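**Q** First to last, the protein sequences are chains X and Y. Using the numbering used here, you'd call the opening residue of the first sequence number 1 and step up by one each time. Using the numbering used here, you'd call the opening residue of the second sequence number 1 and step up by one each time.
For the record, the hints were derived by calculation from the structure and aren't laboratory data. Bear in mind the structure is a predicted one, so any value in this text is a computation, not a measurement. Relax, there's no trap hidden among the hints.
Pairs of lysine-lysine, DSBU-like flavour, derived with a Cα cap of 30 Å:
no.	chain 1	residue 1	chain 2	residue 2
1	Y	K64	X	K27
2	X	K83	Y	K120
3	Y	K64	X	K26
4	X	K83	Y	K143
Simulated coverage check for chain Y against chain X, where a stretch passes if three residues somewhere in it have a Cβ under 8 Å from a Cβ of chain X:
no.	segment
5	9-20
6	37-48
7	51-58
8	100-106
9	111-125
Chain X stretches covered by chain Y per the calculated footprint, using a threshold of three residues with CB under 8 Å from any CB of chain Y:
no.	segment
10	58-68
11	80-89
The beta-carbon is built from N, C-alpha and C at its ideal position, and this holds for glycine as well.
Each chain is listed here by its residues.
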Amino acid sequence: MTVGSMFENGVLTIYLDGELDHHAAKKAVAYIEEKIDTHLPPEIVLDMKSLSFMDSSGIAVVLKTYRRMKEISGKVRVENVNKQPRRVLDASGVERIIKVIALTKEA
Amino acid sequence: MTEINSIKMEFLSRSANEGFARTAMACFAAQLDPTLEELGDIKTAVSEAVTNSIVHAYPDTLGKITVRARLFDDNSMEIVVRDWGCGIEDIVRARAPMFTTGGDDRSGMGFTIMESFMDKLQVRSKPGRGTTVTMRKRILVRKSGK
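So that you can see chain X by itself, here it is in the shape it has in the complex:
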């Protein structure tokens, strides 16, 4: 998978592209934590528009991001979620603490 980012108006957007599994999670977490430390953003958006697959390792990535943002009193949103990652997020109950927005036009 590839990870990219943009920081604009206090919002750090992380673009997750490809398949987020245990193999990819370490790299993704390291990247996200480095970007958070650099910008100390009030808000972070995990953009999953190009994420075609995610398993429970992805939930751990979301939760780690949430914990790190909590330390700096920042907010977390998960956006543009495709069907399969959506089912995994639903099963995990992560929406009780993090706002998840589905992709409007699902692929």
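Chain X is already provided as a structure; the job is to place chain Y on it using the hints.
**A** What follows is chain Y alone, placed relative to chain X:
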């Protein structure tokens, strides 16, 4: 219920093989004409089971993992993921949501996802001997002409 096809694959517990295992299983399952959602469920469940073996069964070593799959004439699929690693001490606890021995790198949702995405999940394990995860899913037969 008669078996109509089967495959077996064996690979090392390298994390790069997680993607290979779930994609191979999805390709094999395609013979049952599943929907994209059913295919996604199978991919996810296989990914969870194989990741468990890689992360928990062989934490500091490289070991052997086999994945066997069988297709049946009632349009169902059985997937068996097996390792010869350290095994699970307490299966009931391991299957509970949010329980993990993997720290905050792991969500503890692996078995919960396998359970909710497949129709049936059986876990057999002996500490020091290994773990066998058997999953079953029936693929809905859709009317032809679609």
